[in-house]
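**Q** Sequence:
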Amino acid sequence: MKSDTRTWDADRRRAPRERVRLRALLGSPRSPKSRCEEAWVEDVGSGGLRIRTVHAMKPGERCILHPEWSSTPATVMVVWVQRAGLVERRSAGASVQTFVAGCVLGPAPAARSRPGLLHLAWNPIWFPRLLLGAVVLAVVALAAHFLVSVVALLM
100 MKSDTRTWDA DRRRAPRERV RLRALLGSPR SPKSRCEEAW VEDVGSGGLR IRTVHAMKPG
160 ERCILHPEWS STPATVMVVW VQRAGLVERR SAGASVQTFV AGCVLGPAPA ARSRPGLLHL
220 AWNPIWFPRL LLGAVVLAVV ALAAHFLVSV VALLM
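So in this note's numbering, the last spot in the sequence shown is 254, and the numbers never skip.
No wet-lab data here; the hints were simulated from the structure.
Think of the CB as a built atom: it goes at the ideal place given N, C-alpha and C, for glycine as much as any other residue.
It cannot be assumed that every hint is accurate.
Unchecked claim - What follows is a list of derived Cβ distance ranges for each label pair:
(1) Ala243 to Arg122: 28 to 38 Å
(2) Thr174 to Leu246: 54 to 64 Å
(3) Ser248 to Thr171: 51 to 61 Å
(4) Thr171 to Trp139: 11 to 21 Å
(5) Ser133 to Arg161: 17 to 27 Å
(6) Gly232 to Thr171: 46 to 56 Å
(7) Ala251 to Leu229: 27 to 37 Å
(8) Leu231 to Lys157: 50 to 60 Å
(9) Met176 to Ser133: 16 to 26 Å
(10) Leu229 to Glu160: 46 to 56 Å
(11) Lys157 to Pro131: 14 to 24 Å
(12) Ser170 to Val247: 49 to 59 Å
(13) Leu253 to Phe226: 40 to 50 Å
(14) Ala243 to Lys132: 48 to 58 Å
Model the full structure from these sequences, guided by the hints.
**A** Here you go:
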């Protein structure tokens, strides 16, 4: 039994890891999204990302990552930076590979469907609001009934 487990672990370690590269915008915390540069983001596991950019970053630097797959930006911190050679001979800039901590590469969020009224009624946030709305409607209906009965008595 133990040999089966060891074999399975060894096969798992040798299996090629599926790498997903996604586009994102990267910039300083103070820069707007329109001034951020385009970068390629790749998951390296253990809560870290590998980001390939053109400009160099320093370890300890904080930056904002605007992922293509999410609407909310993430604040990340650079852990280490590795400089590579030139991307192409024609290119003047060097490719910089940056390892960033503080952000996990997740799948694209699924399209959200609208929840039904029953879901809203039992949601702890919406239940008091629905209850208050029902009470207000009951008071308005009672006032309307009272006005109709007063008008009927006067005639």
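**Q** Hints first: check each against the structure and report whether it holds.
**A** Status of the hints after comparison with the structure:
1. Ala243 to Arg122: 28 to 38 Å: About 58 Å separates the Cβ atoms of Ala243 and Arg122, which means 28 to 38 Å is violated.
2. Thr174 to Leu246: 54 to 64 Å: 58 Å, holds
3. Ser248 to Thr171: 51 to 61 Å: Since Ser248 and Thr171 have Cβ atoms about 55 Å apart, the given range 51 to 61 Å holds.
4. Thr171 to Trp139: 11 to 21 Å: 20 Å, holds
5. Ser133 to Arg161: 17 to 27 Å: 20 Å, holds
6. Gly232 to Thr171: 46 to 56 Å: Check failed, 31 Å falls outside 46 to 56 Å.
7. Ala251 to Leu229: 27 to 37 Å: 33 Å, holds
8. Leu231 to Lys157: 50 to 60 Å: With a Cβ separation near 53 Å, Leu231 and Lys157 satisfy 50 to 60 Å, so the hint holds.
9. Met176 to Ser133: 16 to 26 Å: 23 Å, holds
10. Leu229 to Glu160: 46 to 56 Å: Cβ of Leu229 to Cβ of Glu160: about 48 Å, so the range 46 to 56 Å holds.
11. Lys157 to Pro131: 14 to 24 Å: Given a distance of about 22 Å, which is inside 14 to 24 Å, the answer is holds.
12. Ser170 to Val247: 49 to 59 Å: The hint (49 to 59 Å, Cβ to Cβ) holds, given that Ser170 and Val247 are roughly 50 Å apart.
13. Leu253 to Phe226: 40 to 50 Å: 41 Å, holds
14. Ala243 to Lys132: 48 to 58 Å: 52 Å, holds
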